[in-house]
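Using the sequences plus the hints, can you model the full thing?
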Amino acid sequence: MKLYLVQHAQAVSKEQNPGRPLSEKGFADAAKMAAFLLNAGVLVDEVAHSGKTRAEETANVLAKTVWPGKAAVHLDGLGPNDNTDHLLHGAEAAGGDLMVVGHQPFLGRIAARCLTGREDGVTVGFKPGTIVCLERDQIGWQLSWMMRPELVGKP
Amino acid sequence: MRLYLMRHGKAEFGPEDADRRLSARGREDVSAVAAYLGGQDIAVSKVVHSTLARARETAEIVSAQIAPGVELEEMEGIEPWGNVKAFASVAETWTDDTLVCGHEPFMGEAASYLLTGNPHGGLVEVKTGSIMSLSRGPYGDGWQLRWMMGPRLVRGAKKEED
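Top to bottom, those sequences are chains A and B.
Residue 78 is where the first sequence starts when you use our numbering, and the numbers rise one by one after that.
Residue 40 is where the second sequence starts when you use our numbering, and the numbers rise one by one after that.
In case anyone wonders, no lab produced these hints; they're calculated from the structure.
Treat the hints with care, as some may be off.
[Stated by the list, open to error] Only some residues are given here: those of chain A computed to face chain B with a beta carbon under 10 Å:
no.: 1; residue: His166
no.: 2; residue: Gly194
no.: 3; residue: Lys204
no.: 4; residue: Ile216
no.: 5; residue: Trp218
no.: 6; residue: Leu220
no.: 7; residue: Ser221
no.: 8; residue: Glu227
no.: 9; residue: Leu228
[To be verified] Here's a subset of chain A near chain B, in silico, CB distances under 10 Å, partners left out:
no.: 10; residue: Asn137
no.: 11; residue: Arg195
no.: 12; residue: Gly217
no.: 13; residue: Val229
[What the hints assert, rightly or not] In silico BS3-like cross-links for lysine-lysine, where the CA-CA straight-line distance does not exceed 27 Å:
no.: 14; chain 1: A; residue 1: Lys204; chain 2: B; residue 2: Lys49
no.: 15; chain 1: B; residue 1: Lys124; chain 2: B; residue 2: Lys85
no.: 16; chain 1: A; residue 1: Lys102; chain 2: A; residue 2: Lys91
no.: 17; chain 1: A; residue 1: Lys102; chain 2: A; residue 2: Lys147
no.: 18; chain 1: A; residue 1: Lys79; chain 2: B; residue 2: Lys49
no.: 19; chain 1: A; residue 1: Lys79; chain 2: A; residue 2: Lys141
no.: 20; chain 1: B; residue 1: Lys166; chain 2: A; residue 2: Lys79
no.: 21; chain 1: B; residue 1: Lys49; chain 2: B; residue 2: Lys166
no.: 22; chain 1: A; residue 1: Lys141; chain 2: A; residue 2: Lys204
Ideal placement from N, C-alpha and C gives every residue a C-beta, glycine not left out.
Printed below as a string of structure tokens:
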């Protein structure tokens, strides 16, 4: 099974819009990452987001490619400071390939927990639009790949 | 400072392990990753490779894209069963962005040791032709993972159906 951890793409500031939707660059970066996933042949069994606008918008752009015909779903427990138990236990119980779009520091904590057993065991450098692919086998979770928008789709 | 840790591409079999060259598929894979990196904003000013031919060949292909004109350096101690802690203590002294071409299990253990302090944590197994980027701040901050990719990811799924 695979777990794709995605930080929402760049959003506008609270001052510009308290709901913090994606910025123009954020939408462009999400589209670049979606095109990259399409080329790489990535498909998942579910795309979930935290419920915040910037995560939902990012998730919907990616879902068109990796979960065709479906709209990303809201999942509790993906907030910036939520406990990582809910997602980790849920993902391991469900067993399929799951993509979640959320926030820092949550994503860094769950990535570190999967990879080292401790939420501060490794620093995974999430930036807006970053995708980390973790794969679980008999031994446990391992890093499969990690990409960020600045490395993708430079025309 | 950025460190790029790469494993050699798939190699031919041969009687002498140190002399094994990249296979045609290995060269294709490494070239695909090199071409991808060459299209990005990446410049490396130091390139080291192990004493084994397949790592040197990999370094030659990748450095042509991201380190043009840089003289390759052969480094002992980063062979498949090299000493990860000895390597880390040398890497800590580097100030230039550096590409290191080596082997498994060494590369995965080196990455794991730099990032977590534990070489045997099972953090990552670096597949042939794959590369990861780590960075470290200027003020004694620890290492962090920036990205990781391999030939299957950059060549695309459609091209894998051969």
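Here's how the hints hold up against the structure:
1. His166: 20 Å, violated
2. Gly194: 8 Å, holds
3. Lys204: 9 Å, holds
4. Ile216: 6 Å, holds
5. Trp218: 9 Å, holds
6. Leu220: Hint holds; leucine 220 (chain A) Cβ to chain B Cβ min 4 Å, cut 10 Å.
7. Ser221: With Cβ-Cβ at 8 Å, under 10 Å, it holds.
8. Glu227: 7 Å, holds
9. Leu228: Since chain B brings a Cβ to about 6 Å from leucine 228 (chain A), closer than 10 Å, the hint holds.
10. Asn137: At 22 Å from the nearest chain B Cβ, asparagine 137 (chain A) fails the 10 Å test, so the hint is violated.
11. Arg195: 9 Å, holds
12. Gly217: Where the cut-off is 10 Å and the nearest Cβ of chain B is about 6 Å from glycine 217 (chain A), the hint holds.
13. Val229: 9 Å, holds
14. A:Lys204 with B:Lys49: 32 Å, violated
15. B:Lys124 with B:Lys85: 20 Å, holds
16. A:Lys102 with A:Lys91: With Cα atoms ~16 Å apart, lysine 102 (chain A) and lysine 91 (chain A) stay inside 27 Å; holds.
17. A:Lys102 with A:Lys147: Roughly 24 Å between the alpha carbons, so the hint for lysine 102 (chain A) and lysine 147 (chain A) holds.
18. A:Lys79 with B:Lys49: This hinted pair holds, its Cα atoms lying about 25 Å apart.
19. A:Lys79 with A:Lys141: 19 Å, holds
20. B:Lys166 with A:Lys79: Status holds; Cα separation ~17 Å.
21. B:Lys49 with B:Lys166: 9 Å, holds
22. A:Lys141 with A:Lys204: 22 Å, holds
Violated hints for the displayed structure, listed by number in ascending order: 1, 10 and 14.
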